Amino acid sequence: MPSVTYTQPDGSQQTLEVKEGTTLMRAAVSNGIDGIIGECGGQAMCATCHVYVRPEYADALPGMSDDEDEMLDCATAERLDRSRLACQIRIDAELAEIVVDIPPAQL
Amino acid sequence: MTTQAPQCPFHGKSRTGIDARLEDNLSPYQPPPASPDGAGYPTADWVDVAALTADPYPTYARLQAESPVAWVPQLNRFLVTSYDGCHAIEQDQEIFSANVSGATMTRAIGSRPMLRKDDPEHSVDRAPVNPVLRPKSINEVWGPVFERNAETYLDRMAEVGSGETDLNRDYAAPLASRNLIDLLGLKDVSVEQVRRWSHDFIAGMGNVLDDQSIWDRCDTSTKEADRLLKELIPYYRQNPDASMVSAWANSGLPASNVAANVKLTISGGMNEPQHMVTNMVWALSQNPEQRAQVLADPSLWAAVFDEAVRWQSPIGMYPRQTTRETVLEGVRIPAGAGIGVVVAAANRDAAHFGRSAPAFDIHRPKRPHLAFGSGVHLCAGHWTAKTSIGQIAVPKAYQRFPGLRLDETRSESWDGWVFRGLTSLPVTWN
Chain A
1 MPSVTYTQPD
11 GSQQTLEVKE
21 GTTLMRAAVS
31 NGIDGIIGEC
41 GGQAMCATCH
51 VYVRPEYADA
61 LPGMSDDEDE
71 MLDCATAERL
81 DRSRLACQIR
91 IDAELAEIVV
101 DIPPAQL
Chain B
108 MTTQAPQCPF
118 HGKSRTGIDA
128 RLEDNLSPYQ
138 PPPASPDGAG
148 YPTADWVDVA
158 ALTADPYPTY
168 ARLQAESPVA
178 WVPQLNRFLV
188 TSYDGCHAIE
198 QDQEIFSANV
208 SGATMTRAIG
218 SRPMLRKDDP
228 EHSVDRAPVN
238 PVLRPKSINE
248 VWGPVFERNA
258 ETYLDRMAEV
268 GSGETDLNRD
278 YAAPLASRNL
288 IDLLGLKDVS
298 VEQVRRWSHD
308 FIAGMGNVLD
318 DQSIWDRCDT
328 STKEADRLLK
338 ELIPYYRQNP
348 DASMVSAWAN
358 SGLPASNVAA
368 NVKLTISGGM
378 NEPQHMVTNM
388 VWALSQNPEQ
398 RAQVLADPSL
408 WAAVFDEAVR
418 WQSPIGMYPR
428 QTTRETVLEG
438 VRIPAGAGIG
448 VVVAAANRDA
458 AHFGRSAPAF
468 DIHRPKRPHL
478 AFGSGVHLCA
488 GHWTAKTSIG
498 QIAVPKAYQR
508 FPGLRLDETR
518 SESWDGWVFR
528 GLTSLPVTWN
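Line by line, the protein sequences give chains A and B.
Count the first sequence with the working numbering and you get residues 1 to 107, in order.
Count the second sequence with the working numbering and you get residues 108 to 537, in order.
Bear in mind the hints are in silico, worked out from the structure with no lab data behind them.
Every value quoted in this text rests on a predicted model; they were computed, and no experiment measured them.
Be careful, since some hints might not be right.
In silico lysine to any residue, SDA-like type, Cα no more than 20 Å apart, as pairs [what the hints assert, rightly or not]:
#1 B/Lys493 with A/Leu107
#2 B/Lys493 with A/Leu61
#3 B/Lys243 with B/Lys473
#4 B/Lys473 with B/Trp521
#5 B/Lys243 with A/Ser65
#6 B/Lys503 with B/Ala265
#7 B/Lys473 with B/Gln400
#8 A/Lys19 with B/Gln200
#9 B/Lys243 with B/Asp226
#10 B/Lys473 with A/Lys19
#11 B/Lys493 with A/Thr23
#12 B/Lys493 with B/Val248
#13 B/Lys473 with A/Ala75
#14 B/Lys493 with A/Thr76
#15 B/Lys473 with A/Ser65
#16 B/Lys473 with A/Pro103
#17 B/Lys493 with B/Val252
#18 B/Lys243 with A/Glu68
#19 B/Lys294 with A/Asp10
#20 B/Lys243 with A/Ser83
#21 B/Lys473 with A/Pro9
#22 B/Lys473 with A/Asp10
#23 B/Lys503 with B/Leu360
#24 A/Lys19 with A/Thr5
#25 B/Lys473 with B/Ser406
#26 B/Lys243 with A/Gln8
#27 B/Lys243 with A/Glu78
#28 B/Lys493 with A/Ala105
#29 B/Lys473 with A/Glu68
#30 B/Lys473 with A/Thr5
#31 B/Lys493 with A/Lys19
#32 B/Lys330 with A/Gln14
#33 B/Lys503 with B/Gln200
#34 B/Lys243 with A/Asp73
#35 A/Lys19 with B/Gln198
#36 B/Lys473 with A/Gly32
#37 B/Lys473 with A/Thr76
The following label-pair restraints were derived from C-beta to C-beta distances [stated by the list, open to error]:
#38 B/Asn246 with A/Arg54: 29 to 37 Å
#39 B/Arg431 with A/Lys19: 16 to 24 Å
#40 B/Asp191 with A/Met64: 49 to 57 Å
From the three backbone atoms N, C-alpha and C, an ideal C-beta is built for every residue, glycine too.
For reference, chain A alone in the conformation it holds in the complex (with noise of 0.2 Å):
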C-alpha cells in the first residue's frame, strides 16, 4: 500500500499506509496527525493543510491549480518553493511514496 511520511517540526515522523485516492489531508485528519487543520474539507478555501514536500518527490506531484496557489498565499507559515495544500495533492499510482514536512502553524 502506498506511504505517506509526515514529519512534524520537532522532527518526529509518523508514516500512514494510505489507500489510493485518498488526499495526503484527508489520510492526516483522519488519523489524528497533530498539525494538519484541512478545515475546508478539501475544496482549497481554508489554506489549513498547509505542508512542505520533499524535493525528491516534487516531480511526482500534480500540477498546481490557481486556487491552490492563491490559498497558498494565506497560508500562516512561510511559503516555500515546495509548499502545497495537502488537500489537492491525492496518492495514487504516480505517487506510491511521499515525504512531507509540517509548517510550524496552519492558523
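Position chain B relative to chain A; hints supplied.
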C-alpha cells in the same frame, strides 16, 4: 428587548421553547426507547429550552461535564457539545448527513439548497461561488465595496448621535444587508427589502406549526426574490461580473438550484455578520485592556474577530442526521437519529481550549474552532466575514469613534441559542 424572533434557517427548527416542544409531535423521527438497563445512551431530560435561549452556556457546561453526547427529549435529538464529537461529525458526511428530515427549508425557499446536500451533490452547487469567496476576490474586488458601505452607515451613526445609537439597528444590520446585496449582485432592491426577505425566509424555514400567515409572508418574499432572479440570471449570463449570482448564473446549474442557493445566502448571510459587529464591540467593551491593545496595534484585529466568533458563536447549533447506527465518543447512536452539532459549546470545550475556555482572550494559543463549521460545509463566507467585519466594519467604527463602547445608561439584549446574538446594543462614544 427581543424584537426579532427569527427561527433557524438551517434546519427548520424553532428556537423558542413552545415551538420546539410542539415540533416533537411533528417530527418524522421517533426516538428509540430508553434502555431500561441503563446501557443505552445518556439522556439529558433536564435541558430547558427557555434557559438555553436566555443563556445557553450554563447548559452547555453541564452537558459537557455530564454527557457530551446526550439524547435531549425536549429537542428530539442528540446534542453533541464536545469539540472532538462535533469535529468527528464534520469529518464524516456518509454517517452524519446534512440532508436531514423535514421539509420546511425546501418549502420556504423553493428547493433544497447546498446546505442540505452531501457531496458530491453539494459540491456541484458550492464550487461555482468558491472563487468569488476566496481571499483574493474578497480583498481586491469586494474590500473597497465593504469599506464604502461601512462609511455610509458610520455617517448614519454620526447623525443618530452618541448616546442615541443602537449599534445593531443603526450600523450592523443595515451594513450586513448592504454588503450582502452587493456581494450577491442583487439589483434594484433596498436594504430594508432584503432584510425583510431574510427574516421571512428564516420564519418560513422554521414554520413547523404551519402558520399560514408566515407562509404568506414567506411566499411574498420568495416571489419577489424569484421574480428578481428570473431577470438577474439571464442578465448575468450576458453580463458576467464578480458577484455571486453571476458566478452561479454562469455555472451551468439549473436556475432552480441558483435561486435556492441565493435565497439560502440571503437567509444565512445576514444575521451572522450583523451579530459579529456587535459581538466584537460588546467583547471589547467588557475587556478594556484588550480594547486598548487592539486600538494601539491594528494587527490584532484578526485575533479579536477570531476570538469573538469562538467566544460567542453566532451559529450555536446546526443539524445532522445519522444514516446508520454508529458510535460517537463512546455513545451508540441509532440510524436515522437527529443530531444537534452544538459548535457554540464545542468552542468553549476546556478539553480543547484549556481551562480558560470561558474567557475572552485575544492572546490565547491558536487552536482550531468550529464557529464556521468544519469540513465541506465550512461557511462559504468565512473569508468574507473575516474581511468585511473583522478587518473593515469594526476597525473603521473605532477609527471614526475612538471612544466607542456600551452605553451603560441603556441596556443591551442577547437572544437565542441556535442563533445567538445581540438584538440591541446601545452605544456611546463621547
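Each hint tested on the structure:
Note on lysine 493 of chain B and leucine 107 of chain A: the hinted pairing holds, with a Cα-Cα distance of about 13 Å set against a maximum of 20 Å. Straight-line distance between C-alpha atoms of lysine 493 of chain B and leucine 61 of chain A comes to about 32 Å, which puts the hinted pair past the 20 Å bound. Taking the CA atoms of lysine 243 of chain B and lysine 473 of chain B, the gap is near 24 Å; set against the 20 Å cutoff, the hint is violated. In summary, the hint linking lysine 473 of chain B to tryptophan 521 of chain B is not supported, as the alpha carbons are separated by about 27 Å, beyond the 20 Å threshold.
Of the pairs offered as hints, the one joining lysine 243 of chain B and serine 65 of chain A holds, with about 15 Å between alpha carbons and a cut-off of 20 Å not exceeded. Under the criterion of a C-alpha separation no larger than 20 Å, the hint pairing lysine 503 of chain B with alanine 265 of chain B is consistent with the structure, at around 13 Å. This hinted pair checks out: lysine 473 of chain B and glutamine 400 of chain B have alpha carbons roughly 18 Å apart, not beyond 20 Å. With a C-alpha separation of about 19 Å, the suggested pairing of lysine 19 of chain A with glutamine 200 of chain B holds against the 20 Å cut-off.
Under the criterion of a C-alpha separation no larger than 20 Å, the hint pairing lysine 243 of chain B with aspartate 226 of chain B is inconsistent with the structure, at around 25 Å. Straight-line distance between C-alpha atoms of lysine 473 of chain B and lysine 19 of chain A comes to about 32 Å, which puts the hinted pair past the 20 Å bound. Among the hinted pairs, lysine 493 of chain B with threonine 23 of chain A is inconsistent with the structure: their alpha-carbon atoms are about 28 Å apart, more than 20 Å. Between lysine 493 of chain B and valine 248 of chain B the alpha-carbon distance is near 15 Å, which keeps this suggested pair within the 20 Å criterion.
A hinted pair counts as satisfied when its Cα atoms are at most 20 Å apart, and lysine 473 of chain B with alanine 75 of chain A qualifies at roughly 14 Å. Taking the CA atoms of lysine 493 of chain B and threonine 76 of chain A, the gap is about 15 Å. The hint holds against a cut of 20 Å. Distance hint between lysine 473 of chain B and serine 65 of chain A is unfulfilled; the C-alpha atoms sit about 29 Å from each other, more than 20 Å. This hinted pair checks out: lysine 473 of chain B and proline 103 of chain A have alpha carbons roughly 14 Å apart, not beyond 20 Å.
A threshold of 20 Å between alpha carbons decides the hint, and for lysine 493 of chain B with valine 252 of chain B the separation of about 15 Å falls inside it, so the pair holds. A C-alpha spacing of about 12 Å is found between lysine 243 of chain B and glutamate 68 of chain A, which places the hinted pair at or below 20 Å, so the restraint holds. The hinted pair formed by lysine 294 of chain B and aspartate 10 of chain A fails the criterion: a straight-line CA distance of about 54 Å is larger than 20 Å. A C-alpha spacing of about 18 Å is found between lysine 243 of chain B and serine 83 of chain A, which places the hinted pair at or below 20 Å, so the restraint holds.
Proposed proximity of lysine 473 of chain B and proline 9 of chain A is supported: the alpha carbons are some 16 Å apart, at most 20 Å. A threshold of 20 Å between alpha carbons decides the hint, and for lysine 473 of chain B with aspartate 10 of chain A the separation of about 18 Å falls inside it, so the pair holds. For the hint pairing lysine 503 of chain B with leucine 360 of chain B, the CA-to-CA distance comes to about 38 Å; that exceeds 20 Å, so the pair is violated. Only pairs whose Cα atoms come within 20 Å are accepted, and lysine 19 of chain A paired with threonine 5 of chain A is accepted, the gap being roughly 14 Å.
Under the criterion of a C-alpha separation no larger than 20 Å, the hint pairing lysine 473 of chain B with serine 406 of chain B is consistent with the structure, at around 15 Å. Between lysine 243 of chain B and glutamine 8 of chain A the CA atoms are separated by roughly 30 Å; this puts the pair beyond 20 Å, and the hint is violated. A hinted pair counts as satisfied when its Cα atoms are at most 20 Å apart, and lysine 243 of chain B with glutamate 78 of chain A qualifies at roughly 18 Å. With a C-alpha separation of about 19 Å, the suggested pairing of lysine 493 of chain B with alanine 105 of chain A holds against the 20 Å cut-off.
Under the criterion of a C-alpha separation no larger than 20 Å, the hint pairing lysine 473 of chain B with glutamate 68 of chain A is inconsistent with the structure, at around 23 Å. Using a Cα cut-off of 20 Å, the hinted pair lysine 473 of chain B and threonine 5 of chain A is violated, with the two alpha carbons roughly 25 Å apart. Simply put, lysine 493 of chain B and lysine 19 of chain A have alpha-carbon atoms about 36 Å apart, too far for the 20 Å limit, and the pair is violated. For the proposed pair lysine 330 of chain B and glutamine 14 of chain A, the alpha carbon gap of about 56 Å is over 20 Å, so the pair is violated.
Under the criterion of a C-alpha separation no larger than 20 Å, the hint pairing lysine 503 of chain B with glutamine 200 of chain B is inconsistent with the structure, at around 39 Å. Restraint check for lysine 243 of chain B and aspartate 73 of chain A: satisfied, since their Cα atoms lie roughly 9 Å apart, inside the 20 Å limit. Using a Cα cut-off of 20 Å, the hinted pair lysine 19 of chain A and glutamine 198 of chain B holds, with the two alpha carbons roughly 17 Å apart. Our distance criterion of 20 Å between C-alpha atoms is met by lysine 473 of chain B and glycine 32 of chain A, whose separation comes to about 18 Å.
With a C-alpha separation of about 11 Å, the suggested pair lysine 473 of chain B and threonine 76 of chain A falls inside the 20 Å cut-off, and the hint holds. The hint said 29 to 37 Å for the Cβ distance between asparagine 246 of chain B and arginine 54 of chain A, and at roughly 32 Å that hint holds. In this structure the supplied range 16 to 24 Å holds for arginine 431 of chain B paired with lysine 19 of chain A, their Cβ-Cβ distance being about 21 Å. Range check, aspartate 191 of chain B to methionine 64 of chain A: about 33 Å between beta-carbon atoms, so the 49 to 57 Å window is missed.
Consistency with the previously given hints fails for numbers 2, 3, 4, 9, 10, 11, 15, 19, 23, 26, 29, 30, 31, 32, 33, 40, ordered from lowest to highest.
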